[in-house]
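> Start from chain A and add chains B and C according to the hints.
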Amino acid sequence: MANTGWDEFEIGAMLRTFEGEAGDIAGTLQEDRKYTENSSFSASVADWRIEKPVFNKDYCIDCQFCWIYCPDMSIISRDKKMIGIDMDHCKGCGICVEVCPTNPKSLLMFPEQADEESEIASWPAKEDKEK
Amino acid sequence: MSEMKKIKNLKEFSTSADRFEGANLLCPGCAHSIIVREVLNATNDDLVLSASTGCLEVCTAVYPYTSWDASWIHIGFENGSTAVAGAEAMYKALKTKGRLKQPDRNPKFVSFAGDGASYDIGFQWISGCMERGHNMMHVVLDNEVYANTGGQRSSSTPIGSSATTSPAGRVSYGEKKNKKDMVAIMASHGIPYSAQVAPNKWKDMVKKIQHGMAVDGPVFINAVSPCTTEWKFDPKDTMALTDLSTDSLVFPLYEIIDGHELNITYRPKNVVPVEEYLAAQGRFKHLFKDEYKYLIKEWQERVDANWAYLNRREEARV
Amino acid sequence: MAFDKMELRDIEVWDGNFAAAQALRQCQIDVVSAYPITPSTPIVEGYAKFLSDNYVEGEFVMVESEHAAMSGCIGAAAAGGRVATATSSQGFALMVETLYQASGMRLPIILNVVNRALAAPLNVNGDHSDMYLGRDSGWIQFDAYSPQGAYDLNFIAFKVAEDHGVRLPAMVHQDGFMTSHTAQGVHTLSDDEAYGFVGDFKPMNDMLDFEHPVTHGVQTEEDWHFEHKARQHNDLMTKVMPKIQAAFDDFEKLTGRKYNIVERYDMDDADVAVVCMGTSVETAREVATEMRAKGIKAGVVGIRVVRPFPFFEIAEALKGVKAIAALDRSSPNGAPGMLFNELAGCLFNQEERPLLSGYVYGLGGRDLTKAHLVDLYTELQANVDAGKVTTQLQQFIGVRGPKLSFL
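Residue numbers (numbering that gives the first Met the number 0), protein chains in the order written: chain A, 0 to 130; chain B, 0 to 317; chain C, 0 to 406.
None of these hints come from the bench; they were simulated from the model. Keep in mind that this is a model prediction, so the values were computed, not measured. Heads up, a few of these hints could be off.
[Claimed, not checked] Below are the PhoX-like pairs computed for lysine-lysine, each with C-alpha atoms no more than 20 Å apart in a straight line:
| id | chain 1 | residue 1 | chain 2 | residue 2 |
| --- | --- | --- | --- | --- |
| 1 | A | K80 | B | K10 |
| 2 | B | K96 | C | K4 |
| 3 | A | K80 | B | K7 |
| 4 | C | K201 | B | K100 |
| 5 | A | K79 | B | K202 |
| 6 | B | K10 | B | K178 |
| 7 | C | K369 | B | K91 |
| 8 | B | K100 | B | K178 |
| 9 | B | K10 | A | K79 |
| 10 | C | K369 | C | K293 |
| 11 | C | K293 | C | K321 |
Isolated chain A, as found in the complex (with noise of 0.2 Å):
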């Protein structure tokens, strides 16, 4: 795709999103769409973070508000359960930890090269709100 010529694309300045017959799009989980090349589901975007969220599933009480307030569709929920974040599409801006509502925080920011498992074992303790 990357660097065809004049003659081998459709014409017109269109894109084609599903291979065949899309079906009940709204109805069908991402894993078991059949994306073209040409959606950007099929691109990366991990290049672009410098900081991304770790998921500490321990405090996670499934709220859904890091799912719905996630700009790239990159909180993973999988019948009303949390289930982790898709590293392909998430820009590591930062808002899913934000509104994350739990002490200690169930997503937290890490740099970009810091390692899941150890960031997940020396987890934050619960924060003592002040009055």
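Frame of chain A; chains B and C shown alone:
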């Protein structure tokens, strides 16, 4: 008409399969995306969408990538609304003539555009769509500037905001004119529904979007979209900024039904001083200089007066 | 079928506007998105009346400006159906941005352009300044010289534009007032014949096909734009003319009326020729015949397909001609006329280069009279006799005041 998607709570909402994709070019923390997700996830019906030239369009449809999982069209800056109106007209024509490929499906027609595209250059086009009664929804992603081109003032830019074509400087405090009330202007076309929404109050937004999609006729939605790049705040604070905008009543959440019945739909438990809203944004930081502090006071007075006006309309049922 | 057919007489007396409106009716447009402007307004008024009298089905969207008219057409065409509209002059100028958008998006839309002068000064009468404004817009462009042409060329335009091997929007030009408001006998097609010629609309990349959602109108920058525009130009240069020729051939079989990419009149042994467009073509033909009687071997070349530019067809038609006049009905404002330039382009590399001069005429509805053309042909013959252009290369005909000539 198809059944409206039932969304009791956020957990239920989280089972939605997004029809908008990541790895687009929007800034980290962009509220446009949060708004688009809430709008698209409000329905399971098919969608025919458009975007006018602007951040959303430019960041989600740059060849060879598209971030859209539904049919979508971009023509130009002014005419995203008319593009959808044309598609809606074709839908009606093909329905009459029995040529729809999937005749049992009920698409929703939604156009997205920024405040620049909606309040300024596309004003006439939206007005035409609203006046002609197309069964469509126009959603304004209001970040109060021409963000995509670097933050020039639009007629949505509020007083005292420093935009690149109304910059604060040694002898100026930035934008001199207040933003025009598009929700009311569009409501006065007699459309069935016109409302202001904010992405932090997701339930309020989804309820309004669903209502808008259910009514027959044109709908106008103004969504506050705090812009980390142009309002100058940290990307992680987008939702905090949105909270400040709704809780300070700078962006009150209300709806106007049939052009003459206003309902306030969100009353903050604790109203936040406007000063806090202004203090959180770099575009207003010059207002905190001694010589411009009076503008902050005027801001509070304006917001209070507008809130009082909305309450009077609601009470009088007009 | 939920609409009524019309029984037309073999010959109807129609002006160019009504002829176009009837053609649109017979093609059964799905969406007409339009705005009124003199002198094209009667086309959309005619269509609106057909709709309210149940002679057509579909949506008629009377938008709030011409830019919105073409924008609505683009949205409707991308949604997937037969789309048409009409405009002139200022309206055409207002929608110029969208013309480029429509052709770049490869959407078949038919635009009837009733050629009218561009302001300032404001003028409602006919000339070709609006046509010239749109020449690089990437549309296929036909020129009608009479109400018959305005009628017939609409069918040709739909057939060519909607072809999946073409997928480009098309304009049908006709002179404002001179054709649009002048009634002549028009040979008609029956509703069935006309619709049968154009055929059902076959969708492609249609937004209303929910099983195959598409993104229309992407952005391309320095890495992709050139390829997209090159593709569009390639298709205009290689795919369109053969389809037009085929449509002309099929139309001749159906009606006996033969259209040509370049209309040659008495050109076989012509020494002098006038190349022009619009109603002037028919006037020139009459004068050419009169010049023949006076011993001047005169011919006329009418441009039928303005875009793609019939580069080789024009050169072929002008082979052997010794002196040619390019007639431009638009002010070039500081340059030689468009037709002069484009003819020069296709004649420049010929082994035997003819003499070429240019005339600017008829702006804002000023008549081109037979007397003007008699003088013109006489000048061309003088050029032939002298072996060079005896006048300046650009002359204005029919304007009051001191003689205007340049170059």
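> A:K80 and B:K7: Cα distance at most 20 Å?
holds (16 Å)
> Sort out whether A:K79 lies within 20 Å of B:K10, counting only the CA atoms.
holds (5 Å)
> Taking only the CA atoms, is the gap from A:K79 to B:K202 under or equal to 20 Å?
holds (17 Å)
> Tell me if the straight-line CA distance from C:K369 to B:K91 falls inside 20 Å.
Judged against 20 Å, a Cα distance of about 51 Å means the pair is violated.
> For C:K293 and C:K321, compute the direct alpha-carbon distance and say whether it is at most 20 Å.
Given that 20 Å is the threshold and the Cα spacing comes to 18 Å, the pair holds.
> Is the straight-line distance between the alpha-carbon of A:K80 and that of B:K10 20 Å or less?
holds (8 Å)
> Are the Cα atoms of C:K369 and C:K293 separated by 20 Å or less?
holds (15 Å)
> Does B:K178 sit within 20 Å of B:K100, going by the straight-line distance between their CA atoms?
violated (44 Å)
> For the pair supplied as a hint, B:K96 and C:K4, is the alpha-carbon distance within the 20 Å limit?
Cα-Cα ~15 Å, so holds.
> Holds or violated: are the alpha carbons of C:K201 and B:K100 at most 20 Å from each other?
Roughly 12 Å separates the two Cα atoms, so the pair holds.
> Going straight from one Cα to the other, do B:K10 and B:K178 come out at no more than 20 Å?
Outside the cut-off at roughly 37 Å; violated.
Against the hints set out earlier in the document, violations occur for numbers 6, 7 and 8.
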